[in-house]
Amino acid sequence: MEQSNLITYAILIPLLPLAAYFIQSAVGTRLPRMGDWVSTGAIFLSFLLATQIFSAMWGAHDPSWVVAKSWTWVDLGSAGLPVKFDIGVRLDNLSAVMLLMVTLCATLIHLFSTGYMRDHHGHPADGYRYASFFSYLSLFTAAMLGLVISDNLLTLFMCWEVMGLCSYLLIGFYRHKHSAANASIKAFMTTRVGDTGLFLGMLALFALIGSFQFEEIYKALQDGIFTDPKNSLLGFSAAAMIGFLIFCGTVGKSAQFPLQVWLPDAMEGPTPVSALIHAATMVAAGVYLIIRVFPILDVGNVLPIVAGIGGFTALFAAILAIKQNDIKKVLAYSTLSQLGYMVLALGVGNFTASFFHLITHAVFKACLFMCSGSVIYAMHHEQDMRHMGGLAKKIPFTFWSMFIATLAIAGAPFFSGFLSKDMILASVLGYGQHHGGLSWLLVVSGFVTAGLTAFYMFRLVFMTFFGHPHDHHHYDEAHEGGWNMWFPLVTLAGLSLWVVYTGHVNPFQAQGWFTQLIQPPKLPILAESVKEYAEFEHHGHVPAMIASLVVATLGIFFSWLVFGAKKIPAAKLAGIWPNFVHKAIDNLYFFDWFYIKVAIQKGLMPFAKFWTIVDDKVVDRGMVDGLGDVANVAKGTINLIDDVVVDRTFVDGFGGGIPSALGSSLKVLQNGQVQRYLSVAVVALMLLFFFLRGVLF
Amino acid sequence: MSHILSWLTFFPLIGAVVIAFMPSRMDSLVKWVAAATMAVPLVLAAQLLGMFDQSSTAFQLVEQYDWISSFNIQYHLGVDGLSILMVLLTALISFLAIFASWNIKKMVKGYFIMLMLLHVGMMGCFLALDFFLFFVFWEVMLIPMYFLIGIWGGEKKEYAAIKFFLYTMFGGVFMLIGMLALYFFSADANGGVSTFNFLELAKVDWSQFKVAIFGSQFAVDKLVWWFLFLGFAVKVPVWPFHTWLPWAHVQAPTAVSIILAGVLLKLGTYGFLRVNYQLLPDATLAFKYALVILGVIGVIYGAFCALAQKDLKKLVAYSSVSHMGYVLVGMAVLTPAGIQGAVLQMFNHGLSAAMMFMLVGVLYDRLHHRYIVTPEGKLGFGGIAQKAPWITAIWMVAVFAGMGLPGLNGFISEALIFLGSFPVYRTETVIMSIGIVLGAAYLLWMVQRVFLGPFTTLHKDTSTGALHAAHEIQEITGRELIVLAPLGALCLWVGVYPQPFINLMKNTLNQLIEVVK
Amino acid sequence: MLAGLSTNLGLYLGLSAVFFAFGVLTVLTRKNAVGLFMGVELMLNGAALNFVAFQTFRPGTHDSWLHGHVFSLFIIILAAIEAAVALAIVLRVFAARRTIDPDRATELRG
Amino acid sequence: MQLVDFFTLLFMLMGVVSAVLVAFHPNVLYAAVALVFSLLSVAGLYGVLGADFLAAVQLIIYVGGIIVVILFAIMMSENIYRARFRDAAGKFVIPTAVAALLIAGFLKLFHDAKLETRAGLNAIPTTEQMGRALVGPYALVFQYVAIVLLAGLIGAVVVARPHHGNPESEAEKK
Amino acid sequence: MRSLFYVSPPLLLSFFSVFVLIAGLWIRNHAFLVGTSLLGLGGTAGLYLSMIGKPAQDAFAGMLIFDHFGLFFSVFSVLVIALGVIVSARSREIKEDRRSEYYSILLALCTGLIFMGISNHLLMAYLAVETVSILSYTLAGFNRERNVSVEASMKYVVYGSMASAIMVYGISLLFGVTGELEMTGLREFFAKTPADQLPHLTWIAVLLIFAGMGYKISAAPMHMWTPDVYEGAPTPVSAMFSVAPKAAGFALLVRFLVTAFTQPIEGSMEALATGIPVSQASFNLVGNFNWPLFLMASSGLTMFMGNLAALSQVSIKRILAYSSIAHAGYMLMGISTQSTAGIYAILFYVMVYCFMNIGAFWIASKVDDVMGGDHLKHFRGLVSRKPFYAISMAVFLFSLVGIPPFAGFMGKLYLFRAVIGREMYFFGLIAAINSVISLYYYMKIVKAMFFDAPEVEMPAGKTAFDSRLTMTFIALLVIPNIMFGLFTDPLMALISEAARIFTGS
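Chains as they are written, first to last, in our numbering: chain F, 1 to 697; chain Z, 698 to 1214; chain R, 1215 to 1324; chain U, 1325 to 1498; chain V, 1499 to 2003.
Any given hint could turn out to be false.
[What the hints assert, rightly or not] Reference listing, derived: stretches of chain R covered by chain U, where coverage requires no fewer than 3 residues with Cβ under 8 Å from a Cβ of chain U:
{"no.": "1", "region": "1220 to 1228"}
{"no.": "2", "region": "1258 to 1265"}
{"no.": "3", "region": "1298 to 1308"}
[What the hints assert, rightly or not] DEER-style ranges, computed between Cβ atoms:
{"no.": "4", "chain 1": "V", "residue 1": "G1871", "chain 2": "U", "residue 2": "P1350", "range": "50 to 56 Å"}
{"no.": "5", "chain 1": "U", "residue 1": "P1449", "chain 2": "V", "residue 2": "T1691", "range": "28 to 34 Å"}
{"no.": "6", "chain 1": "V", "residue 1": "T1970", "chain 2": "Z", "residue 2": "Q761", "range": "36 to 42 Å"}
{"no.": "7", "chain 1": "Z", "residue 1": "I711", "chain 2": "V", "residue 2": "L1967", "range": "28 to 34 Å"}
{"no.": "8", "chain 1": "Z", "residue 1": "W1087", "chain 2": "F", "residue 2": "W440", "range": "54 to 60 Å"}
{"no.": "9", "chain 1": "Z", "residue 1": "M723", "chain 2": "F", "residue 2": "H381", "range": "56 to 62 Å"}
{"no.": "10", "chain 1": "Z", "residue 1": "W1190", "chain 2": "V", "residue 2": "T1970", "range": "20 to 26 Å"}
{"no.": "11", "chain 1": "F", "residue 1": "K230", "chain 2": "Z", "residue 2": "G912", "range": "28 to 34 Å"}
{"no.": "12", "chain 1": "F", "residue 1": "V500", "chain 2": "Z", "residue 2": "G1175", "range": "42 to 48 Å"}
{"no.": "13", "chain 1": "Z", "residue 1": "W1087", "chain 2": "F", "residue 2": "F610", "range": "34 to 40 Å"}
[What the hints assert, rightly or not] Chain F is nowhere near these chain U residues, computed Cβ spacing over 12 Å in every case:
{"no.": "14", "residue": "L1337"}
{"no.": "15", "residue": "N1351"}
{"no.": "16", "residue": "G1368"}
{"no.": "17", "residue": "L1425"}
{"no.": "18", "residue": "T1441"}
{"no.": "19", "residue": "I1471"}
Quick caveat, the hints were computed from the structure, so don't treat them as lab data. Beta carbons are placed, not taken as given, at the ideal position from N, Cα and C, and that holds for glycine.
Start from the sequences, fold in the hints, and give me the full structure.
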């Protein structure tokens, strides 16, 4: 296929949803069906275009396949002073796969939303909101797709921020709810903190190489600009510093420790939003970013930090997930945990596995979220799992889809999750073996998380679909949604099968088209380390697979014991842990408490208020009016205070300051007695005389 | 069209005279006459844009006549890449301000005459190429502004008006002294003839002059730089000269706030670039770090103050302090990205702040109060999004433009400023980046409390002053849209494709950097 | 011992200084508006005496013009006019307030 | 010692004593009388200095005119026997110090100036010369002072004359 | 005869003064009196205009000197008095029963002012100052039914007589040291006498003379009579007081200091004549008295005294009085620069100050007439009652503050030019700070007129707020306030002639 066509397609892919956004926001409410078909159709067209790109990529079947084109967007330079920002499109294997995944998930989620966002009679509950929901979704999709095709950090960042905005708008979509409003601002602000890091990283990058383009970055890396000691920042090499700062963006966007707090709250948004933004795409964009700049991270030796944060987040979130009762919260923590996996994978150098897990996770997590949406829809917006139970019979499509997706996330063979997770665990194990010491913690974290994941996901399935219904009223009315609601579930469940990603029938063999096509950039500077990382995976492959199978089975089994067969009472299981553990988990390890209560309410706001007071009282009144206060105090002793205070009621300003006080003392001088005036004159003349004599003679 | 710059500046005077002689009962006609009058500069500005040669760094469309010969003062107008954007902004904002003041009831004639005089001052300032002329226009603005705040303002209008006046006058006299000093020293370098001409003054090598004050020697340009700095800093306003701003904004009527934020504040930074940079490059180079520090303080400080505000308009006012801080930093770093970002930020802030003040006015017109949190500690607004989605949507555009969201104008200019400043002042830039987070914080927190959540909006009874629950909020009206739509569209345009705007200024500004360096 | 006393310029000047100083003192302390003018007259006389003394004793004082004498003459004339006007005003004050204590005429102040 | 020296001494002592009395005498009437003596002493000194015409004018206008007016004004305006003439002594401190400083200062200045003087007393009668001067170089001043006199007297009359029975002005009186 | 030609204008005025007085005995028609007075003033002005271009000349054996500087102030005095006549014509404060005397005294006063501007002899100067003073005392007390007017008069006369006595004493000492009374003679004396041979007595002499003249221009420390007198005197009289004697005082002071105590520097005059300011002094000091320094001290003191004290006033007349003190301080700056640029500035400032200050006083007078007082409260809400007056007053006040494009700004600018041109930055800064302070109290009036609601009810039956004639005249005062702010060249051309004191003398 012509390359220029591909570029055109690539540009059209985000533009179509963007156009849909504008149509929707302008005239959405006046269109038939509130224009949901505009958004859905647009993203479907994008999907078709994405398949074209994918097939072109597939046809080339070359790990270093790249189609790129760039333009100058802003040119600040004039003759002899070139400063410009180029933006462009870069299609390579990563972006082609990502495009396909994003457009597919987005299409399905749009479709799902056409059902989910209506009430049970098929009416959009609130006309305006229905249309704007789709407009936001479209804007979001456009931004996400724009991010994927960016060949530079600048447009990537712009799209990144717009996604943040959409996330903000969609989390706060139920705007009559305070909790939604709080969650939205929390999400935006938390990610913004990370984004600032990213932004600073970009600044440093631009200062260093004068460009944002990945190609330029790779070239500069190869030229050693990033490692040149004279470019070091704060004693770290440029690569380390920039890599770390960019990784900050990921920490915010992909909700890694310590900025993970926003993601669970983001579940205040409608469920399709959770599926699209907070599971499949936006949060994955953070991982996509570090995959893109993997060379910088590698060269800068930031990877251990990445691995540490990823591993820690994975475990830590998984533990929280166990105690959640809200069906979406469980999924949210599981998302956190899985994102941790991806980051961990990259941290131990497994570029391919990280991206692999990103894709597989996107598919099954989107499926899981939509299933949960389907359940919630069926239960009339009841989200507490303790009120569910036995739904398997009432909503079979949902049940089976969810079951498959759960197996996938739990890492059961035959499913995509098994393959990707296995690659990660293999690398981690190899890494641990190679480095020893503390890096074993990563290994422990990886495997424990795998077990816990299986445990809490099956807990969800058991509590929701098995056992007895706890809320008969809702249970009786529960029913499957229309085709537009179950079709996406089934499709995504189907895509969670192993074969999709390998292309061959051996369910235990991860090697396939995906691993062949998705390879780290072929940079000489990376060659050695990439080879080393491949060694890790190779070494750890077999033991990891066995171990992961064991822990996954154990997790599922325990889950069955406790929640399925109820052999062990949940309370007893809970009772074996000391109280502080519960307390910590219930309070989400006190992160929210710390950020909101301590950092913001006790730190930031008093600080802000303090400055306001300073502004009012010191800068304003102190420098302008306040000197008057000082003067007042001084004058008070000589009974002038009345004059000055009275004056101040309408004087304030400059007049309230020293001048007025002086003016009042002049008033005392000017007491109406002409002899006083004359005395003043005579004395002043004499003083002047002596003064001038002193000066002049 | 010959003398287009003069027409651009002085045409509203004709309208002012016409209005002055209209019978005072024809209030609505007065408004239309005002609108028609102010449309002319807008059209002229568009025409000017067509006549403007982007590739040239020289002053264009110059008009030069002798004015006061005993001082060698000239009537000297011209436009270059630095001023063209500001001229466009001024024409636009002045025009929109007429519509923003449609519901003025008190002394309508006087109000519109004052607006027109204000236009003359602002436009003249941006176009003047003679320092003296510049100063005259600068001071001419004070009087209409004083009356506009003082007569048509809020409860504490007198205080705000006099505060504004005093501060600006205070800065103005310093500027006057600095200006005269330059004038006199220019004689020695200019063939014995003193001059106020910017072009002539720019050629002078100031380093040769020293002046003794109380026995110590000072370099003239360094000293004068600070005098001029004071004059402009008050207008920007640079921390710590900013305290008039919240007062002036809060008390001023909507249209005046729009003009104040949209144009007047830019005059300060424009003055820095036009005067301090062009005339005193050595001193600028020596003191640029002060600008950076004050700018960073302004960014952070303004943001913190905005965070704690309980009055909607005050919040927006402090956000102006914060945003103008970026401009200072951008211009001080002397990199193409920084300085162009700074000028673009001036333009952008003009758009987004004008929008926000208009929107504050929209809410105030409907609810007669501006409490985010009332004195009793209740939320003054809340859930407006449910009743008035369009108002909310436009607010969002303004808010996101203000906090620098990509796709809207604020991002471009802020990003340019950061890009320009990072290589030069790394630590300061990093500190300044806190401002990004805080900027999002105060704006979003405001949005949350005002527009989201359950509908708890209060309405103030103008007769009794009591607050009680509002039931409905009228949606945006056509007149308000006339004001907001062009601003919003421009915000988007600059955000997506800023190159046309950058083309207008880049050659001039890059040359300015060369001059200073 | 008194020889040359009448030709000692210093003595005349000293006397005029005394007149001037006591004139000032009178103006500053009298509790009677008319008394104030007496002080002024003293001061004027001091000046007039100076003029005549200087005219007599100082070289280069344009004898043919008699600057000093003429000046003294006009001092006297103007003092007369001034006294007339001033006393008219004082009487008006007395008519209005029944006192001419300058310390009590303090309606205008501040 | 010549007679003229004696008279000089006499007039000077009279001048100093009467000046002190003018300033310090508690009763304004006596002060006025003291003023007469100081004016007389000046007239005498004029005579010593040969300014015979001036001495005469001093006697006629000052002693005969101004002092009379002053006395007249005092009589008309103050109850001489009961009026409070003096403030507390405190009010005297600064003015007296000022006066002392003035005298001391002037004396020092006069002494430091070391003004050279013509030899001898050039006490020739000056009346004729005065006459020439007044119609010569000083003609304008001499004429002009007449206008001033006229206008001043008109003003004095306007200010001092009693009220008409003008109802409007009565009403506006505050 | 030639001398007589030069004094013909004051003679004409004297004639009209007497004529008005005598004719007033029979003809009580107000318009007639005003008309006759204006006729006299107009004739005088006409005579003066016919003298333009005549070379500088002394007259009456050096008593007077006729040059353009004097001519400028003569015409200016006539102008101010004419304005005073117009302002008084409709004032209720000048009672019907003494109008002919009033105009007669005004015309006589004008002759005094003229002589102050043209005298070259200290006796003539003393006489002129006394004339102005004595007539001013009576004018201040003219509204004798009002206690404050009489009180003002009394304070004025006490203060004034003492000030003139001080001045005379100073003159006598100066005479003693130099033997000269003519200013030109003084310069010759100082030029030939080395400074170190001059006794310090010269010092105190000049200081005392300055005290006397400073009292006329109300410069600190001789300024304290000003507010009381201005407040108490009839408003039209205050309007004139604040301009005419002050301007004449400046004329005298400038002429005295510049003629007697300086020598022109070669070439500096010519440089100025071409409109190019010089940063060097135009005059060298002669004698041992450093009067520029002394004037600087006085000027700074005057500005602060006037501006600070004005801050807390509520009576408009009193505010304007303090403001006139402050303005005297500004103008003093001009002389202390010791340059012709400074004299330019003074002349220009005096001119524009006349228009703005008389305008402001006039409106204060109108408000006083109609509202029954001149306090801030009487001004509140004026704009809703009489927008024309309020707007005109605002123009006058803005001009007084010195905000472009009003004439007051140009006046300040010329002063600043003189000051900064001589590199007296600190001094310039003090003046600048003062003009900011002054902003505050001027704006207080503007605020009262425009921002506040009316507070005092208009007294019933006093609806005759204005006539078209008054409004026209006020408008005529507004116009120069704007015109001289925008186009100063014509006036400056005039002034550059007038400021050259030395040429031809």
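Verification of the supplied hints:
1. Counting residues of the region 1220 to 1228 of chain R whose C-beta sits closer than 8 Å to any C-beta of chain U gives 8, which meets the bar of three, so the coverage hint holds.
2. With 3 residues having a Cβ less than 8 Å from any Cβ of chain U, the region 1258 to 1265 of chain R passes the three-residue criterion, so the hint holds.
3. Counting residues of the region 1298 to 1308 of chain R whose CB lies closer than 8 Å to any CB of chain U gives 9, so the stated coverage by that chain holds, three being the minimum.
4. A hinted range of 50 to 56 Å for the beta carbons of V:G1871 and U:P1350 is inconsistent with their spacing of about 41 Å.
5. With their beta carbons about 32 Å apart, U:P1449 and V:T1691 fall inside the hinted range of 28 to 34 Å.
6. Checked against the given bound of 36 to 42 Å, the beta carbons of V:T1970 and Z:Q761, roughly 37 Å apart, stay inside it.
7. The beta-carbon spacing between Z:I711 and V:L1967, approximately 29 Å, falls within the hinted interval of 28 to 34 Å.
8. Taken as a hint, the range 54 to 60 Å holds for the pair Z:W1087 and F:W440, whose Cβ atoms sit roughly 59 Å apart.
9. About 59 Å separates the C-beta atoms of Z:M723 and F:H381, a value consistent with the hinted range of 56 to 62 Å.
10. Range check, Z:W1190 to V:T1970: Cβ separation about 53 Å, and the 20 to 26 Å hint is violated.
11. Taken as a hint, the range 28 to 34 Å is violated for the pair F:K230 and Z:G912, whose Cβ atoms sit roughly 46 Å apart.
12. Restraint check, F:V500 to Z:G1175: a C-beta distance of roughly 55 Å breaks the suggested window 42 to 48 Å.
13. Between Z:W1087 and F:F610, the C-beta spacing of about 38 Å keeps the proposed range 34 to 40 Å intact.
14. For U:L1337, the non-interface assignment is confirmed: its Cβ lies about 27 Å from the closest Cβ of chain F, beyond the 12 Å cut-off.
15. Under the 12 Å C-beta cut-off, the non-interface status given to U:N1351 relative to chain F holds; the minimum distance is some 19 Å.
16. Non-interface status of U:G1368 relative to chain F is upheld: no Cβ of that chain comes within 12 Å, the nearest being about 29 Å off.
17. Once the 12 Å rule is applied to beta carbons, U:L1425 is inconsistent with being away from chain F; the minimum gap is 7 Å.
18. No Cβ of chain F approaches the Cβ of U:T1441 within 12 Å, the least distance being about 26 Å, so the stated non-interface status holds.
19. Here U:I1471 stays apart from chain F, with its beta-carbon at least about 28 Å from theirs, past the 12 Å limit.
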